[in-house]
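> Sequence:
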Amino acid sequence: MNKKFYITTPLYYVNAAPHIGHSYTTIAADTLARYMRLSLGNEFVWFLTGTDEHGQKIQRAADAKGMSAKDFVDQTVLQFKDLWTTLDISYNDFIRTTEKRHIDCVRKVLSILYEKGDIYQDKYEGLYCTPCETFWLESQAPDSLCPDCKRPLERISETNFFFNLGKYQDWLIGYIKKTPGFILPQSRRNEVLSFLEMNKLSPLCISRPKERLSWGIPLPFSSDHVTYVWFDALINYISAVGTFDDQGKYHSDWWPADLHLMAKDILRQHAVYWPIMLYALGLELPKAIFAHGWWLIDNTKMSKSRGNVVNPIDMVNKYSIDVYRYFLLREVPFGLDGNFSEEAIIKRFNSDLANDLGNLLYRTLTMVEKYFQGNVPVAEARSEQGRRIRQKIEALSREVGEALSPKADYNFNLCLEKIWGLISLANKYVEETKPWNLAKENKTEELKAFIRLLVDVLRKTSEVIAPFMPQTAGSIAQQIGEDKIKKGNPLFPRIDTNKPAL
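Using the working numbering, read the sequence shown as starting at 43 and increasing by one per residue.
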């Protein structure tokens, strides 16, 4: 395939309901997928998401509800699928780690690496964090608390299977250094390189004894063990789009992925474990791995224990799908942490959406009705300001494309700034031109040119915001029409900040 774009979200862990963090990654991926479909065509874009359904946390969550692990994950998966429908997510495939296609692929990968000698059996004695599904050395956790989640660690002793990460450490360091766009943004690349250069990679435990955990994919070479959740989950990126033949050769029309998108807390698994797994298998690496920041509440990470988790469906019910999507993508540069608050959503709503875009659309359509009986005039702007706006219209698609590129770190925030720059210019054009005076003075040609330019601004806006705000883009296009407008109600009626939001 000469031109294609394969984008993934991580597999979301289904031990609890989805939250704003899940929605942020998925909305970002959806926006890029929609943009690339407009650029390449639908048949050349593949957008994968899904759920990670094995492991001890799942088993314990199911036990707590008195359910089987399978019934529990089947129930929780529906919450994710329902949320993606609510958020207008246009994924092509939704993979579950409990599906046969994935299980078969995982077992094949395990067999290949075991036969190659990269997986071996050994005894483990030490500390283990169940919530993080991670083993820790005594030196890494002198207080017996997990370095990541700060919960108490368990002391265990058991025989397991290990993947020899350290064998490939020097190769990975060299690859990252010679491939600057592999880990994005630059700060994350530096973070991974620093970790690799300052630490010797320990062997990765890739199994759990069945007597301790039965909920997992059985190892093909040991009936007493199941696969470690991270080793299992990462393989979804290839199990969803290809298969191994009997000789162990992988076949896919889509691999390698163009972009793996995730939050920064799972960067190490994607930028260390996964590249080494692929290299050991003899497969190409993804072209780019991008780790974005977190949404915080009062500068604190959201968590169930703190009771500050935001439910995306609540936000959509209050403000609409597109307002929620716009806020997440506009409020902070992609890659950085951001503070989430409803006050910030309302501020964006009233200024950017109601005052700027909504006002421009409504006032333009009102003028088309008033001065030209709803017919879109045909004329070319002759004023200097009109020509500048025309140039801005013509340059906007290129500017959006540049901002949405890997070189610009998929800068959604900058894209929307560029689009709103055109909207602001058009609103200023209305205030300075005073079209009501043109009408009074019977300057019909000037009025035609003026209004036609505003219509073209709105058409271009509808085109370029479609990946970000698909429903809004469709509404603008419908109201503008081809030759005749169909004015509807204002897109974004202002929220009265003196009253609680509806």
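A few of these clues could be false.
[To be verified] Using 20 Å as the maximum straight-line C-alpha spacing, the simulated EDC-like pairs for lysine to aspartate or glutamate come out as follows:
#, residue 1, residue 2
1, Lys528, Glu444
2, Lys46, Asp300
3, Lys485, Glu411
4, Lys219, Glu196
5, Lys449, Glu233
6, Lys389, Glu459
7, Lys150, Asp287
8, Lys99, Glu253
9, Lys476, Asp525
[Stated by the list, open to error] Ranges between beta-carbon positions, derived for each pair:
#, residue 1, residue 2, range
10, Gly108, Glu200, 26 to 32 Å
11, Asp340, Gly159, 48 to 54 Å
12, Asn350, Lys529, 39 to 45 Å
13, Asp538, Gln433, 53 to 59 Å
14, Glu385, Ile215, 42 to 48 Å
15, Lys343, Gly159, 56 to 62 Å
16, Asn350, Asp105, 25 to 31 Å
17, Ser110, Glu524, 53 to 59 Å
18, Gln427, Glu385, 49 to 55 Å
19, Ser439, Leu235, 31 to 37 Å
20, Arg429, Asp135, 44 to 50 Å
21, Thr539, Pro194, 42 to 48 Å
22, Asp113, Lys291, 34 to 40 Å
I should point out that these hints are in silico values taken from the structure, not numbers from a laboratory.
Cβ coordinates follow ideal geometry from the N, Cα and C atoms, glycine included.
> A separate judgement is required for each hint: does it hold in the structure or not?
For each hint, the structure was consulted:
1. A threshold of 20 Å between alpha carbons decides the hint, and for Lys528 with Glu444 the separation of about 33 Å lies outside it, so the pair is violated.
2. Note on Lys46 and Asp300: the hinted pairing holds, with a Cα-Cα distance of about 8 Å set against a maximum of 20 Å.
3. Simply put, Lys485 and Glu411 have alpha-carbon atoms about 17 Å apart, close enough for the 20 Å limit, and the pair holds.
4. For a cut-off of 20 Å, the pair hint linking Lys219 to Glu196 is broken: about 37 Å separates their Cα positions.
5. Between Lys449 and Glu233, the direct Cα distance comes to roughly 19 Å. Compliance with the 20 Å bound is thereby established for this hinted pair.
6. Among the hinted pairs, Lys389 with Glu459 is consistent with the structure: their alpha-carbon atoms are about 16 Å apart, no more than 20 Å.
7. A hinted pair counts as satisfied when its Cα atoms are at most 20 Å apart, and Lys150 with Asp287 qualifies at roughly 9 Å.
8. Between Lys99 and Glu253, the direct Cα distance comes to roughly 16 Å. Compliance with the 20 Å bound is thereby established for this hinted pair.
9. For the proposed pair Lys476 and Asp525, the alpha carbon gap of about 24 Å is over 20 Å, so the pair is violated.
10. Range check, Gly108 to Glu200: about 28 Å between beta-carbon atoms, so the 26 to 32 Å window is met.
11. In this structure the supplied range 48 to 54 Å holds for Asp340 paired with Gly159, their Cβ-Cβ distance being about 51 Å.
12. Look at Asn350 against Lys529: about 42 Å separates their beta carbons, and that is inside 39 to 45 Å.
13. Range check, Asp538 to Gln433: Cβ separation about 38 Å, and the 53 to 59 Å hint is violated.
14. Distance hint for Glu385 and Ile215: a CB-CB separation of about 45 Å, consistent with the stated range 42 to 48 Å.
15. Distance hint for Lys343 and Gly159: a CB-CB separation of about 41 Å, inconsistent with the stated range 56 to 62 Å.
16. Judged by the Cβ atoms, the range 25 to 31 Å given for Asn350 and Asp105 holds: they are separated by roughly 27 Å.
17. A hinted range of 53 to 59 Å for the beta carbons of Ser110 and Glu524 is consistent with their spacing of about 56 Å.
18. Between Gln427 and Glu385 the CB atoms are about 35 Å apart, so this pair departs from the stated range of 49 to 55 Å.
19. Between Ser439 and Leu235 the CB atoms are about 35 Å apart, so this pair conforms to the stated range of 31 to 37 Å.
20. For the hinted restraint 44 to 50 Å between Arg429 and Asp135, the CB-CB distance of approximately 46 Å keeps it satisfied.
21. Taking the beta carbon of each, Thr539 and Pro194 are about 45 Å apart, inside 42 to 48 Å as hinted.
22. Under the hint 34 to 40 Å, the C-beta atoms of Asp113 and Lys291, about 37 Å apart, fit the expected range.
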